[in-house]
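Peer 1: Protein chains in written order, with my numbering: chain B, 16 to 292; chain S, 33 to 297.
To list a few chain B residues with every Cβ distance to chain S over 10 Å, as calculated:
#, residue
1, Asn28
2, Tyr29
3, Glu47
4, Leu82
5, Trp144
6, Glu145
7, Arg187
8, Leu193
9, Lys198
10, Gln201
11, Asn227
12, Lys266
13, Gly268
14, Asp278
15, Ser290
In silico negatives: residues of chain S with every beta carbon more than 10 Å from chain B:
#, residue
16, His49
17, Val87
18, Tyr96
19, Pro103
20, Trp126
21, Leu286
Computed Cβ-Cβ distance ranges for the label pairs, DEER-style:
#, chain 1, residue 1, chain 2, residue 2, range
22, S, Leu42, B, Asp221, 49 to 55 Å
23, S, Thr159, B, Arg127, 25 to 31 Å
24, S, Leu188, B, Ile70, 27 to 33 Å
25, S, Thr260, B, Arg127, 17 to 23 Å
Everything labelled a hint here was simulated from the structure, so no lab data went into it. Where a beta carbon is used, it is the ideal one built from N, C-alpha and C, also for glycine.
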Amino acid sequence: MKDIIQIKNITFNYPDQPLLFDQLSIDVHEGEWTALIGQNGSGKSTLARLIDGLIVLKSGQIVVDGLIVNDDNIFDIRNKIGIVFQNPEDQFVGATVEDDVAFGLENRQMPREEMHKVVESSLKEVGMWEFRDRIPANLSGGQKQRVAIAGIVALSPKIIILDEATSMLDPRGRQEILDLVTKIKQENNLTVISITHDIDEAATADRVIVVNKGTIVEEDKPDNIFGDIRKLESIGLSAPFTSQLIMALEKRGIDSSSQYLNDKRLIAWIKQLVSNK
Amino acid sequence: MSNFLFGRYLPGNSWVHRMSPQSKLMLCFFFVIVIFFANNVWTYATLSLLLIVVVLMSGVSIGYFLKGIRPLIWLIIFTVLLQILFSSGGHVYWHFGPFSVSDLSLINGGFIFVRFLLIIMISTVLTLTTTPLAIADGVQTVLKPLKKFHFPVDTLALMLSIALRFVPTLMDEMETILNAQRSRGVDFGSGSLRHRIQAAVPLLVPLFTGAINHAENLSTAMEARGFTDSEHRSKYRVYKWQTKDTISWGVFLLVGILVLFLRNN
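Next up, chain B with everything else stripped away, as it sits in the complex:
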């Protein structure tokens, strides 16, 4: 599989602070959903900003879809990447929903007729077309994140980065955003990187990378990673609810063969246990 993002031996620190990354390397495979998880201050969000060229590396190299991240390529790279940030309020630039979706298109000097078509189709894609006249004050957090996603879809990028995009939403809003991104990813064959605290969000990924203190601790499929709760807890992350439940059952002598199970599979497994007895 092709690596759409290659991070090679990067070093970075904020002014007057210790090194955040020391010789870090990560590859992101095209068409995959990669989750980056780790504690606060582990440098996850910084990584998103480095990939998009919003902040500058000390040393090393990042290659996005064949282009090296530097001053010359920066706008081509930003055309390939859309980022949904954490705070819904702070990425809403336009005065109304449709103006906000148009913002990125205006920056690229798209002609007006085309712009109106693209805004309409993008808002319909995320189910926000009926809300096009609304001002941000009259939208919920989840709706604002939908608009942010529409703004990204409008630019048809190859990569979407969710930078803790669901952390300020309620559980239902969170699930709706994840479902929406899953749908858009499939329809447009996108690569998704989700940077998150939320283990349940990470569990929807194809591959999980656990970052701690600027280095990769673990890199595997979610099933394998979340099976080993003790390891997760040793780096200060709480395991997903399902893993915690399995662990509690194991203590009572019920063996699950130590595998990570999502909600549905867990329910199926428990039903089976009950019927066997």
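With the hints as your guide, set chain S onto chain B.
Peer 2: For chain S alone, coordinates are given in the frame of chain B:
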């Protein structure tokens, strides 16, 4: 407070609503300038008649206009009183020390009152029939000629529209901070002026910190969405000059000329 800026716009589909914002803005200016040329009953009557026509065509009920005047009523009364008591000449009805009331001062007071009323009403028509966003766009169009002198018109317009967009956000935050500080025992409403100013500090500091955080995050988000500068952008919304605007300008210009004829020289 939020009503002051945003509750003003009344959605509608009248002639005035559908005019382009830049021409409404300029007509408003033009009307105010013409008001300062009026100096007798005929000129004021002509302008009042024009205003009544404009108000009727805006399709907005008169109650909203009265609401627009209410906050300014004391300023109007004060100015009119000054005009009545201090202007000299004419037949004096009453005087006491430096104060006097004459037939001329009463007429002048009346004119000042009408002048205030006209200015407030015409600007109320503008804000009631135009969204803040459209006004920001109108300002951009009106100021366009200044580009020749390297005045950053587009940047100004973008700043204006982002500022308008963040007013409700900051209002909400102020409300939250206000309640948070109240729950800690800060009293905002009573005490001496000095005390009240002191009480505002724990309100303003978090509000400003929040605003600066918003600005920083917003600029990152704007950059990530491909923003470079405000010059090299296309525009999603465009307000075209329409026949309505030409007709309105024609009427206003005629009235302006009429006022120049009717005024006392």
